[in-house]
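Visitor: Protein chains in written order, with the numbering used here: chain S, 1106 to 1411; chain F, 634 to 1079.
Please note: incorrect hints may appear among the correct ones.
Among chain F residues calculated to face chain S with C-beta under 8 angstroms, some are [stated by the list, open to error]:
no.	residue
1	Gly726
2	Tyr727
3	Arg728
4	Thr976
5	Arg998
6	Pro1059
7	Asp1062
8	Leu1066
For the record, the hints were derived by calculation from the structure and aren't laboratory data. All values derive from a computational prediction rather than experimental measurement. Ideal Cβ positions, reconstructed from N, Cα and C, are used throughout, including at glycine.
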Amino acid sequence: MNEVILFALLTLGLLGTVAAVILYFVAQKFKVIEDPKIDLVDDVLPKANCGGCGFPGCRAFAEALVKSANVNHSLEGLNCPVGGNDTMKSAAAILGLEVEEKDPLIAVIRCNGSKVNSPAKIDYDGPSTCAFAHNLYAGEGGCPFGCLGLGDCVVSCDFDAIHINPETGLPEVNEKCVACGACVKACPRSIIELRPKGKKDRRIFVSCINQEKGGVAKKNCAVACIGCSKCFKVCPFDAITMNNNLAYIDPIKCKLCRKCVTECPTNAIHEINFPVRKVKTETSEETVETKKTMAVSHDNSNENPA
Amino acid sequence: MMKSLKTFKIGGVHPEENKRSANAPIQILPFPKQAIIPLGQNLGAPSKLLVKRGDEVKTGQLIGSGESFISANLHSPFTGKVSKVDDFLDSSGYRRPAIVIDVQEEDIWEDGIDTSAAIKREITADRQTIIDTIKSCGIVGLGGATFPTHVKLMVPDGKKAEFLIINGVECEPYLTSDHRLMLEKGEEMLIGIQILMKALNVEKAIVGIENNKPDAINHLTELAKSFDGIQIQALKVKYPQGGEKQLIKATLNREVPSGKLPIEVGCVVSNVGTAVAVYEAVQKNKPLIERVVTVTGKAVKKPSNFMVRVGTPVQQLLDAAEGLPENTGKIINGGPMMGKAITSTEVPVVKGTSGILLMKTEESRRKTLVNCIRCSKCTTVCPMGLEPFLLGKLVKMERYEDSMKERIMDCIECGSCHFTCPSSLPLLDYLRLGKQRAGQIIRSRK
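Bound conformation, chain F alone (with noise of 0.2 angstroms):
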C-alpha cells in the first residue's frame, strides 16, 4: 500500500511528525482587550491605511485597502475604537505600521454578510465576481506565504489552468490547523474548490492529502462523491510536499521549469484554508478576518486547535492552551521547519500564522557548528535539486552572480537541507541572505 502513494521524486526528508494536537477540535477563542492589526499582512505591498485614531469600526469593515497589484484588503476582526496607529513589533522582529482596535465585547458586524452557520451550496455568482469578492474580501493565501489570492485566479493571456491543485498536505510537523478545517470544514472547503474552478474555469480539482491523516482522506473523499471533478488523492509522509512544485510533481507529475510559476505547466495551487475563506467569502461575504491557528509543542500541557481572529496577541492563545511552560527556550511563528521565533508574545496573530510552537530550551538550541565534511546530504535532500552546501559557500564570499548561476532563486526555503546537515551549518540562513541580495540585484537591473 505505501509504496503505491504518490510523492515528489527528487529530495525530501521525514522529519518526527509530532502532531500532537491531531485530535483536539477547533475552539473558538475569546476575544482579546485590545487587538494590534498589521497593515502589512500579505506578501507584496502593505495595505494603504483607511481608519485614524478614534474612528469606530465594526466587525467586517475595510480598515486598509490594497493599492498596487500584489496587494491584499485589510478588514476589521472586531468591533470597537481605534485607539492607536503606530508601528508595533509583529513577528518579523520589527515594528511595524499597524492599528490597534480597543475591543468591544459584543460583536456587530459591517452590513451585507452572512453570519449564520448554515450552508450554501448553490453557486450564482459568475466567474468576474467570484473574482471581485475575493478581491474585496482580502483573501489571502492562507499556508503561510499569504499571496493575494485573486491575483493567482487572474490567469495570464496565453495561459490556460487545466487543474486546480488544493494543498491538504500540511507537511510541517507539530500542525494541524489544516487537518482540523478538512474534518470540521470539509463541505465548506469543497464549495470553496468549486467556486475556485468555476474562478479559474477549469473542470479537476486535485486535493492533495498525506497518507498520515487517513480521517481527513475519508472523510473528504466521502463528501467529494456528490461535487463533479474533485479528485482526493493520498500521498506519501514527505517533507516539503506542501511546497506548490512539489505538490504538482507528486499528484501530476509534472514539473515547473525553474524561475516559472505553476501556471505554466497548466496549474494553480491553493491552500485548503484559503478554500474555506473563499467559500465564506463568496457564499456569505465574509471578509477573511479569522483562521485556525495551532498552539503546540512538546511541554504544551493542551495542545489545541483555536479559530483566532487576526490581531490577537499570541499571549492569548497561550493563555488558552493553558500556559506557557516553564522551560519554554522559543516560541516560533509556524512550523519548526519554515517558522521563525517570535521575540514577544505580545507579537498579533496575522493572516499567515498557521500555528504557534513551544520549543523546550534543550530542542530550541541550534547545535555546535562545525566543518562541513563533504557529504552531500544536503544535495540529496535538496527538493529543488540545488546544492546548497555550495550555494552556502558563494554567499558567504559574497558571489551572489555566482550564485544566480547555481540557481539560488529556486531555493523553497524549505529547510530541509539545514534540517539534515550533520555538521549544522545555517545553510538556510545563507540561502535565505542569498536570496535576498540576488533579489535586490534583480530589481537593480530593472
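Only chain S is shown next, with the shape it has when bound in the complex (with noise of 0.2 angstroms):
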C-alpha cells in the first residue's frame, strides 16, 4: 500500500518538475518585454473604453501615447476627450512632457424641428432606428436633413448623456456628455457637432444644417435656417459663412456677441446659458439645450400630435 503512494507522489512530483522546467524556458523564451509606463498611464486613463481618442480602448490610447512620447517627444494629436485636461496632464506628467491645455468640447445637436416646430406630416410605423428612417424617406415632418427623432444617438451613448425628449421628439444632451463622438457617428445625418463648451458654458450656434431654398425649409419647419444671410451681415468677427442657403458659425471666430441672435428670422440661432436679456421676459435655463423650443413647446403643449 505504502509502495503505491509513494510510486504515485514520485511520478506526479517528476512530471511536475519537469513540466516547471520547461514552461520556465518557454516563458524566457517568450516572454514579452513591455514599457512599464503603459501601465502607468493605463492606470490614469479613465477606462471608458469609448473610442473617442480614436483607438480601440483606453489600452491601446495607452501604448499610443507611450509609443508618441519615445519617437516624437511630444503627444501631439493625442486627446483623451473624456478625462479632459486633467487626465492629459498627469498622463503627460508620467512620461516627462507637458501638454497644450484644450477646451472641451460637447455635442450640440444642429436641429430644432421639434413636433410643434415641424408638424407630422406622415406616420412612421417601422423599426425604431434612424438608419433604416433614412433609407425610407425625408422625415415625418417631411425637413430631409433634419432629425429623425428615433433616437440612434441615444443608443450608441455609453455615458448615458443623451436622450430622446418625448416632449419635443428631439435629442437632448445634458453635462454628462464627454465628447466622445459616438453620436456623432451614429447619426445618419449628421446632425450632432462637437463644439467648444465655450466660457461659463456659453454657445451659440445655428441649429439647423437645412441646405434648401428658405421656402421649402421654411415649409417643413418653422425654426428652419432659410439662408438669408442676416446674420452673416451683422456679424463683425466674420464668424459666420454662408454655404448652400444655411449659416454656419465658426465657434472659434465667434465672440458670443449675441447679435446674430436677435437678428435671425427664423430664430434658428441658438444662445445657451446667457444671462436673461433686459428687453426680453424669457428666463434663462441652465441646462436645457434647446430653451426656445422648450418656450414654444410650453405654450402649445395641448396641440402636441400624437
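Both chains are sitting in their own frames, so use the hints and assemble them into the complex.
Guide: Structure below.
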C-alpha cells in the first residue's frame, strides 16, 4: 500500500518538476517586454473604452501615448476627450512631457424641428432606427436634413448623456457628455456636431443644417435656417459663413456677442446659458439645450400631434 | 400537371396573389395639368438636363441626356411649356431634381415618330442600329430596376449570349400590368423580342410566365407559332421567380455564380414591358414616355390598369380608380413585397413604376417585433441561399466586413425573409442597410 502512494507521489512530482522546467524556459523565450510606463499611463486613463480618442480602448491609447512620447517626444494629436485636460496632464507627467490645454467639447444637436416646429405629416411605423428611416424617407416633418427622432444617438452613447425628449421628439445632451463622438458617427444625417463648451458653458450655434432654399425649408419647419444671410451681415467678427443656403458659426472666431441671435428671422440661432436679456422676458434655463423649443412647446403642449 | 411545371429550386414563398385587376383592360389615362418629370429615372447616373425654364417642348423631345456609361436618355412625355426646374418629391421620399411641364391638351409629336397603331413586323434595322435606337429612345428595364437596356445588349468581349429570357412572371402579388400587356400587346411584344434577339445575336428566346396567367400563356403560345425561336414556358407560381437569377434557374436550370451577371451563363434577361418598349423604339422610333401602371388594393373600388405617361402625379391615377379609399394606411409604389410606401400623392409616375397599391390601415401596419426564435424559416425561404437572420445580426452590430463574407451583396432584396419571419424582424431593412454600407466599403476600396 505504501509503495503505491510513494510511487504515485514520485511520478507526479517528477512530472511537475519537468513541466516547471519546460515552462520556465518557454516563459523566458517568449517573454513580452513591455514598457512599464504603459501600465502607469493606463492607470490614469478613465477606462471608459469609448473610442473617443480614435483608438480601440484605453489600453491602446496608453500604448499610443507612450509610443508617441518615445518617438516624437510630444503628445501632439493625441487627446482623451473623456478625461479632459486633467487626465492628459497626469499622463504627460508620467511621460515627462507637457500638454497644451484644450477647450473641452460638447455634442450639440443642430436641429430644432420639434413636433411643434415641424409637425408630422407622415406616420412612420417602421423599426425605431434612424438608419432605416433615413433610407426610407425624408422624415415625419418632411425635412430631409432634420432629426428623425428615433434615437440612434441615444443607443450609441456610453455615458447616458443624450436622451430623446418625449415632448419635442428631439435628443437633448446633458452635462454628462464627454464629447467622445459616438453620437456624431451614429447620426445618419450628421446633425450632431462637437463644439467647444465655451466660456461659462455659453455657446451660440445655428440649430439647423437644412441646405434647401428658404421657402422650401420654411414650409417643413418653422425654425429652419432659410439662408437669408442676415446673421452673416451683422456679425462683426466674420465668424459666420454662408454655404448652400445655410449659415454656420465658427466656434473659434465667435466672440459670443449675440448680435446674430436677435437678427435671425426664424430663431434658428440658439444661445445657451446666457443671462436674461433686459428687453426679453424669457427665463434662462441652466441645463436645457433647446431653450427656445421648450418655451414654444410649453405654450402649445396641448396641441401636440400624436 | 402542377408537378411537372418548372420553377427555381431553393427558397421562395407563395404570398396571397390578390390579382384583382387581372381582368381590367388597359385604359388610357387623361393628361394631367402639370407633370413632374424626375431626372433620375434610371439605375445609374441621372440624365443631364437639356431644357430650361420657359422652353416649349414637344411630345417625345429629348429633355435629358444619359451621359455616363450606365445612364439613359429622357424624353418629354407631353407637349407644353417647362414651367420650372427644381427639386421635387419623388418615390424615394426625398426631393430630387425634376422638370415641371405645364401640359397642353393637344399632343404635338416630335418629328419622325410613327404614332399609328399599325403593327410593323419586318425588322429592317441592323444590330448596331437597334442598340443605338434603344439607347437614344431611353429604354430602361421596365420590371422595376430600370437598368438601361442598351447596356445589357452590349455583351462584353469573350462572353457569348445563348438565350434571351423574357420575364413575364409578374410574381409580385396584386400587380397585373405585365399580364395585361401580354394579352393586349402580345404581337408587339413578340416582335420586340425578335429585335432583342437580333441585337444579341441569339437564336432562342424563352418567355417565362407563371401558371396563374393561363390566358396569357395560351394567347402568346398561339401567337408565337408564327415567330421563330420564341418559346413560351409556363412556370409554377412562386415568389420571387421574377428575379433574373431565379428565372434563369427556373427556365434553363443554370445557376448564375455569386456576384456575377446572367451573361456568365449565356443569358440576358429582359421584361415583357421592355420588349414592347423596344418594339416601339425600333419600329416606330417612339421613345419611352409611357408605361402600364396597375392601381389596386383590397379597398380600391375599381382596380385598374392604366397606360400612363411618365410624370403624371399618382393623384391622377387614384382619381381614375375612383378615389382614395377612406381607410388607406399606406400608398405603395410597386408591389407589396418589394414596393416602398410613398409619402405624398403628388409623387409622379416614373419609368420604374409598375403599380400603385393602396393598403388598408389594418393590413398596412407592421406587426409587433419580438425576438428571433431561431426557427430558420428565413434561411429556408431565401432564394439566394443566404442566412438572413445572421446577416441582420451582423448589420445590427455594424460588422459589414463579416456580412460581405456571408455574401450580403448577393441579396436580391425580395423580402421573402421579412415576409415569412414569425417574429416580424425587419430583416429586409437590415439587409438593405447592410448592402448600402457594404457597397460604400467596396466603392471606397477602388
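Visitor: Against each hint, give a clear statement of whether it holds in the structure.
Guide: Evaluated hints:
no. : hint    : in the structure
1   : Gly726  : 3 angstroms, holds
2   : Tyr727  : 5 angstroms, holds
3   : Arg728  : 6 angstroms, holds
4   : Thr976  : 5 angstroms, holds
5   : Arg998  : 6 angstroms, holds
6   : Pro1059 : 4 angstroms, holds
7   : Asp1062 : 4 angstroms, holds
8   : Leu1066 : 6 angstroms, holds
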